[in-house]
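So the chains spell out like this:
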Amino acid sequence: MKLTVNGKLRNVKAHPMKRLLDVLREDCGLTGTKEGCGEGECGACTVLIDGVAVDSCIVPVAHAEGCRVITIEGATATKTGKALQNAFVVHGGAQCGICTPGMILAATPLEIGASLDEIKVALAGNLCRCTGYPAIFRSVESALKTPRRKSSRAGHL
Amino acid sequence: MSLVRPRSLNAALSLIASDPTLMPIAGCTDVYVGLHFGTMAQKRFIDLWRLKELHGISVEKDVVRIGALSTYTEIIESTIVQKRVPMLVAASREVGGAQIQNRGTLGGNVANASPAGDTLPVLAAANARIVLRSKNGTRTVAFDSYYTGYRKSVRQPDELITAIEIPRLDGTQWWRKVGTRRAQAISKIMIGAVRGRDVRIAFGSVAPTVVLARKTAAVLSAGGSVADAQAALRTEIAPIDDVRSTSEYRARVAANLLAQFWKETA
Numbered sequence: 030m031k032l033t034v035n036g037k038l039r040n041v042k043a044h045p046m047k048r049l050l051d052v053l054r055e056d057c058g059l060t061g062t063k064e065g066c067g068e069g070e071c072g073a074c075t076v077l078i079d080g081v082a083v084d085s086c087i088v089p090v091a092h093a094e095g096c097r098v099i100t101i102e103g104a105t106a107t108k109t110g111k112a113l114q115n116a117f118v119v120h121g122g123a124q125c126g127i128c129t130p131g132m133i134l135a136a137t138p139l140e141i142g143a144s145l146d147e148i149k150v151a152l153a154g155n156l157c158r159c160t161g162y163p164a165i166f167r168s169v170e171s172a173l174k175t176p177r178r179k180s181s182r183a184g185h186l
Numbered sequence: 032m033s034l035v036r037p038r039s040l041n042a043a044l045s046l047i048a049s050d051p052t053l054m055p056i057a058g059c060t061d062v063y064v065g066l067h068f069g070t071m072a073q074k075r076f077i078d079l080w081r082l083k084e085l086h087g088i089s090v091e092k093d094v095v096r097i098g099a100l101s102t103y104t105e106i107i108e109s110t111i112v113q114k115r116v117p118m119l120v121a122a123s124r125e126v127g128g129a130q131i132q133n134r135g136t137l138g139g140n141v142a143n144a145s146p147a148g149d150t151l152p153v154l155a156a157a158n159a160r161i162v163l164r165s166k167n168g169t170r171t172v173a174f175d176s177y178y179t180g181y182r183k184s185v186r187q188p189d190e191l192i193t194a195i196e197i198p199r200l201d202g203t204q205w206w207r208k209v210g211t212r213r214a215q216a217i218s219k220i221m222i223g224a225v226r227g228r229d230v231r232i233a234f235g236s237v238a239p240t241v242v243l244a245r246k247t248a249a250v251l252s253a254g255g256s257v258a259d260a261q262a263a264l265r266t267e268i269a270p271i272d273d274v275r276s277t278s279e280y281r282a283r284v285a286a287n288l289l290a291q292f293w294k295e296t297a
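Protein chains in written order, with my numbering: chain Z, 30 to 186; chain H, 32 to 297.
By construction, these hints were calculated from the structure, which means they are not laboratory data. Treat the hints with caution; some may be incorrect.
[Said to hold, decoys possible] Below, a list of computed lysine-lysine pairs in the DSSO-like style, where the Cα atoms sit at most 27 Å apart:
1) Lys74/H x Lys47/Z
2) Lys83/H x Lys47/Z
3) Lys149/Z x Lys174/Z
Isolated chain Z, as found in the complex (with noise of 0.2 Å):
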């Protein structure tokens, strides 16, 4: 099965049933996602498909073929990744960090500028075990601020 893992292209030899966060951290070697429950209710094991924030142990590897898959290690290569990356750091958003992964690649599809309520919604399906939950609001706000314009040809991201 051929699939995109962050830019690269990869043949898995893999069972189209298995989850495609075993694919990810098993085949592919890419251990940044974490598994947290194994049933979709706290989405640490978030990655991107087709720029589509999905649970990877509740996704078999046969609906990421042929797709672009973005895990923490590519969304962290972004412009986007690599702010809310300095921010989860900056603002004390990762305690033990088991979370994090999962809350960075929920956080990547929301737009420059996007409200707390959005926020908010947008990381409803992220559990944190640390009670972080204002500390990574925080963190994402402030990577996603709107950029100060330094000339009047705004720059696209």
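Chain Z is already provided as a structure; the job is to place chain H on it using the hints.
Same frame as chain Z, but now just chain H:
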């Protein structure tokens, strides 16, 4: 475990006609929970996720037609559903979180047949119809008569749900879900209701299947008091104690939600 992946609806219908033990899967948000906990008896699956014929939301002859594999996100973003069935948008927004809404489908919610399925009271209140298709043809079943018991429906093993149809609704639509928290919580109880020329009130998680409270609605339609309607409602629901709530709590909250619906839509 096996997975067959037909490339068209017709191919899928032929496959399930020749092997009714194949279990249809799509968004998989319920399937993998069962697999994870070892409660899933089925081992052989047929994948419908990419069948184009089962996607799309349209209006045909004034009826809203929602392809069975429309995700909650697609329903939330659909201007047709926003305009015609806002209570379905409201219910879809409260299913899981973004990740579940991006994968879970309306047809899946109907097919899974859980008494706690969030969209089911909406479909009952909306007088929806379920479109079933087999190799031999298509039939349409009123949502009201779709379920025959706990997790049982009139769908035959060789049939697939292809769409959900919702007629034009007049009046005010109302939806509430009561759960442990706002996101990612399975419902303790929910209500979908329409107050127009007709009054239609449906409750979820208060019986083995979704309940369309006809007697309760009739009391209110005839100008009866909320107290009389609440008394009628108690005879139409059969809530139980389970991991999420108690019978007593559910009966009380159902009565409160009924009163709130009638007050807020006055």
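Violations among the numbered hints: Of the numbered hints given earlier, the structure breaks none, since each of them holds.
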